[in-house]
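Trainee: Single-letter residue listing:
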Amino acid sequence: MSQATAQNTLDLLILKTLARGPNHGFGITVHIQSASEGLLRIEEGSLYPALHRLEREKAISGKWKVSENGRRARYYTLNEAGRRRLEDHQSQWLSLSAGVARVLEVT
Amino acid sequence: MKEWLSRRRARDLDRDLRDEMQFHLEMRASAFEQEGMTARESAAAAHKRFGSTSIAHEDARRMHIGAAVSLLGTAGRELCFAVRSLRRAPAFTATAVLALTLGLGGACAVFTVADRILFRGLPYAQSGRLAAVGVRAPIADHAFLLGGDYSEWKEERSAWEGITATRDAYDCDLTENHPVRLTCGGVAASFLPLFGVEPVAGRNFRPEEDRPGAPGAVILSYALWRERYGGDPGIAGRQVRLNGETVPIVGVLPAGFEFPTLASVDILVPLRLDEAVERKRQAVSMVTAFGRLKPGRSIDQARAALGPYFDHFLTTISPQFKKEVWLEVTPLDELMRRNARVAGWVLLGALAAVLGIAWTNVANLWLARAASRSHETAIRTALGAGKGRLLLHHAAELTLVCGCGWAGGLCLAGFLLAVFRQTAPAWTIDLRQVSVDARILFFSAAVLIASVVAFSLLPRGSRIASRRMRLRGVLVAAQLAMSVFLLASAGLLLRTVRELSGIPVGVRTSGVTTVSAVLGLPRYRTAADRFGFVERLESGLHRLPGVSAAAVADELPPLTAGPGFMYGSISVDGRPPASQGPGGRVNERHITSEYFRALGIPLLRGRPFAAAEIDAAEGVCILSDRLARRLFPGNDPLGHTVKPTGWPKTYKVVGVAADAKNAGLLAEDVPEFYIPYDSKQGAPRFVSAVVQSTVKPSVVARLVADEIRAVDPALPATAGPFSDRIARLNARPRFHAALLSLFAGIGVLLAALGIYGVLAFLVSQRSREIGVRMALGATRARIAGWILACVMRWTAAGLALGAVGALLAAREFRSMLYGVKPADPRTFLEVLLLLAAVSVLAAYLPARRAATLDPAVTLRHD
Chain F
3 MSQATAQNTL
13 DLLILKTLAR
23 GPNHGFGITV
33 HIQSASEGLL
43 RIEEGSLYPA
53 LHRLEREKAI
63 SGKWKVSENG
73 RRARYYTLNE
83 AGRRRLEDHQ
93 SQWLSLSAGV
103 ARVLEVT
Chain W
667 MKEWLSRRRA
677 RDLDRDLRDE
687 MQFHLEMRAS
697 AFEQEGMTAR
707 ESAAAAHKRF
717 GSTSIAHEDA
727 RRMHIGAAVS
737 LLGTAGRELC
747 FAVRSLRRAP
757 AFTATAVLAL
767 TLGLGGACAV
777 FTVADRILFR
787 GLPYAQSGRL
797 AAVGVRAPIA
807 DHAFLLGGDY
817 SEWKEERSAW
827 EGITATRDAY
837 DCDLTENHPV
847 RLTCGGVAAS
857 FLPLFGVEPV
867 AGRNFRPEED
877 RPGAPGAVIL
887 SYALWRERYG
897 GDPGIAGRQV
907 RLNGETVPIV
917 GVLPAGFEFP
927 TLASVDILVP
937 LRLDEAVERK
947 RQAVSMVTAF
957 GRLKPGRSID
967 QARAALGPYF
977 DHFLTTISPQ
987 FKKEVWLEVT
997 PLDELMRRNA
1007 RVAGWVLLGA
1017 LAAVLGIAWT
1027 NVANLWLARA
1037 ASRSHETAIR
1047 TALGAGKGRL
1057 LLHHAAELTL
1067 VCGCGWAGGL
1077 CLAGFLLAVF
1087 RQTAPAWTID
1097 LRQVSVDARI
1107 LFFSAAVLIA
1117 SVVAFSLLPR
1127 GSRIASRRMR
1137 LRGVLVAAQL
1147 AMSVFLLASA
1157 GLLLRTVREL
1167 SGIPVGVRTS
1177 GVTTVSAVLG
1187 LPRYRTAADR
1197 FGFVERLESG
1207 LHRLPGVSAA
1217 AVADELPPLT
1227 AGPGFMYGSI
1237 SVDGRPPASQ
1247 GPGGRVNERH
1257 ITSEYFRALG
1267 IPLLRGRPFA
1277 AAEIDAAEGV
1287 CILSDRLARR
1297 LFPGNDPLGH
1307 TVKPTGWPKT
1317 YKVVGVAADA
1327 KNAGLLAEDV
1337 PEFYIPYDSK
1347 QGAPRFVSAV
1357 VQSTVKPSVV
1367 ARLVADEIRA
1377 VDPALPATAG
1387 PFSDRIARLN
1397 ARPRFHAALL
1407 SLFAGIGVLL
1417 AALGIYGVLA
1427 FLVSQRSREI
1437 GVRMALGATR
1447 ARIAGWILAC
1457 VMRWTAAGLA
1467 LGAVGALLAA
1477 REFRSMLYGV
1487 KPADPRTFLE
1497 VLLLLAAVSV
1507 LAAYLPARRA
1517 ATLDPAVTLR
1527 HD
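Here the protein sequences come in this chain order: F and W.
For the first sequence, position 1 matches number 3 in our numbering, and the numbering has no gaps at all.
For the second sequence, position 643 matches number 1309 in our numbering, and the numbering has no gaps at all.
Rather than coming from a laboratory, the hints here were simulated on the basis of the structure.
Do not take every clue at face value.
[Stated by the list, open to error] Derived coverage of chain W by chain F (criterion: at least 3 residues anywhere in the stretch with Cβ under 8 Å from a Cβ of chain F; other residues may be distant):
# : region
1 : 688-702
2 : 711-717
[As the list claims (entries may be wrong)] Far from chain F, some chain W residues (derived; all Cβ distances over 12 Å):
#  : residue
3  : Gly794
4  : Val846
5  : Gly922
6  : Arg938
7  : Met952
8  : Phe1109
9  : Arg1161
10 : Lys1362
11 : Asp1490
Ideal Cβ placement from N, Cα and C applies to all residues, glycine included.
Using the sequences plus the hints, can you model the full thing?
Mentor: Shown next, in the form of structure tokens:
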């Protein structure tokens, strides 16, 4: 996978996770791992740069809140721009993966 | 403000990022713990899973902050980091800063001096078009014009824009409430406009003030205006008393003004040449003339234009005189700087050498540092520091080191210049105004920026240790080569000074005090007035404590006294002079009877003047040995009579005195014609007293000055030890030798430091190899020998190269040497031996450390 595709994929997973409601970085990794039934494991080192990039692009916004276990954590919320981007990316991804799946089925 | 905000934001961001990732790690660790890991294991596993927090931090950070701001922040952080890492390497930091301070300080100071000598124009508008103009003859050591000729020559307009005249600077007295001895210079009203010099206050002389009998007017030097009159802007029109006359101040000279003969002049007075009388040769005065060429005219064209005037001059003089005169037209720049030019280039060479040694030293230290932390560099690279980041870090360290060296160097330069100002012989070049200026700041900053760039690009990355070592060996050899040049130059000049000091001056200087004054006041108008003063002073001096001899003369060696007369004009025993041309100049000196005893000049024949012969009707004289041999070859001159043409008296020779230096150290002595003071005509305005005393010179100087004050309270006088006057004879070579010795010292110190540094590093780098060799049976002597062989190879290469270079350079400054050949084998041998000894000495400590290494320890290490 090229870097751009990897970045797009990571963005998509983050945005999709946040569409369920505000969450912190650790929560996002946990969700992706459990939702993919352990198939996807986020590179944690690249998660935070991606989060901050999305924040700067105003797709998401981060705020310090107290977490369920009483710790201070930075929670990210999906913005309007992020929601639009999620829809775009999601449809692109679905058509791309459907296309790829068909090509694979043919052989 | 904006920057502060963004920096603040950056700080908040950094904290947020850290907290955020910390939270993540803790959550992950607690998740691991729930899976059954211990607290320690889970924390480690969490870190492992996350990867590099610092890379993630840096990447996330970059998302927020623009690249430029990020770079700035990075540079700031690198600078802080550099401070910390330099503090951990105090030896490197101190040595590098010291090397730069010494090198740069010395270089800046010398550059300031050399710059003034070599590159700065004269302080006149378009000075390239100014030239000294006149007739050269054996009677004077510079070109002159007779007043009448000047009034004709200045009309030349085909190649010359104008020709102006000055009179030699002379002592004059400001006789106000605090009388002081000053130097006055006479100039024509056309002088300042022709040289393009504008008074900073007031005005130039008016043409009517430059006429004979015109009321006086003076222009003050800037320094005198500031010191004595507090820089009063309304000074013009104020009256001063000069030599007892009241004259108005009309203007003030600008700060950088130099009199074209380099005399330091305090006051300008109008020349007031009586041109009508001079043209008829009813009065003859000598002036020093300067002209300005018309734009586009060459010096040869200008000389040719004066040809007819010179030919006319030749028709007005006696035929025997014609053979010994020639026309001189010399560019002013050449005239004023020609003595200093070679010295300037030598100093500049020394500057380059010192700077080069300092530079190679730092380069070497830097290479050593880069090599010794290849480990650290590897770790930082592994942790994600990019190539640019590492370069930035190195540049930050270098900037800090060079910046400190720069600041230190400028302080040192300021200090050295203050020393130069005190010690430089005044007439070499005017150093009174030198200081660290904008050009020096620029020069040194340029050197430093170039250094930082060059050092950063040094091949630190070279993996091959032996190649790196070879580069450093080359640097050490280069340092030694430059040291050879410095030491050899200094050695040759020191030998010159020693040779010069060894020249017999012909007078005794120890325990001799002199005092001089000028009888310029109206009350000394007649010879009888001046004679009375001399008599009163002489008897007063004899009453001082501890005086064994005291005398008065118009001038003392090493200077000649009056204008003198031509040898060819002397008639012996009434016979007219043999007409073999003017035969050069003879100096007449008025003295009192104890003159020879006070100065320790031996009388070879005859006797000193008797008291009765002073001011007697019948003339007596004493000849210098040189004059006696020439006038009376093979005969006893005693009892014969001599008479210079035009003199009223005939003089009987009563003695012959040994020669004493009176025309500088190297020039041939001028024959001396000693005559007693005479109240009719022979009592010059210049008075110098000389006292031989057993009392401390400083005390005698004060007593002698008091004695003059007792005779005339309004007369300013300067007193001091006679040795000062003699020391002035070789002040210039001494100054040059002192400067070069200073640089040679700095250079050798730096070179020794360099060798030591490289070897110490070599030993610590190769301690394992040394350990292995020892374990395999190498003896301690063998190891030490290996280190020394290393040094000797570099040393031999450096010394050979340096010797060749120094030989070539010394040939170029031959003119500064006396009594020693440029390729003086003794000097060169001494220099080479000294440097070889220095390099062995510098190698001694590292070699000993290598020899005493314990193989068991070095091999177990790491």
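Trainee: Look at each hint and say if it fits the structure.
Mentor: Each hint, compared with the structure:
{"no.": "1", "hint": "688-702", "result": "holds (count 6)"}
{"no.": "2", "hint": "711-717", "result": "holds (count 3)"}
{"no.": "3", "hint": "Gly794", "result": "holds (65 Å)"}
{"no.": "4", "hint": "Val846", "result": "holds (78 Å)"}
{"no.": "5", "hint": "Gly922", "result": "holds (61 Å)"}
{"no.": "6", "hint": "Arg938", "result": "holds (87 Å)"}
{"no.": "7", "hint": "Met952", "result": "holds (88 Å)"}
{"no.": "8", "hint": "Phe1109", "result": "holds (47 Å)"}
{"no.": "9", "hint": "Arg1161", "result": "holds (73 Å)"}
{"no.": "10", "hint": "Lys1362", "result": "holds (85 Å)"}
{"no.": "11", "hint": "Asp1490", "result": "holds (72 Å)"}
Violation of the numbered hints given earlier is absent; every hint is satisfied by the structure.
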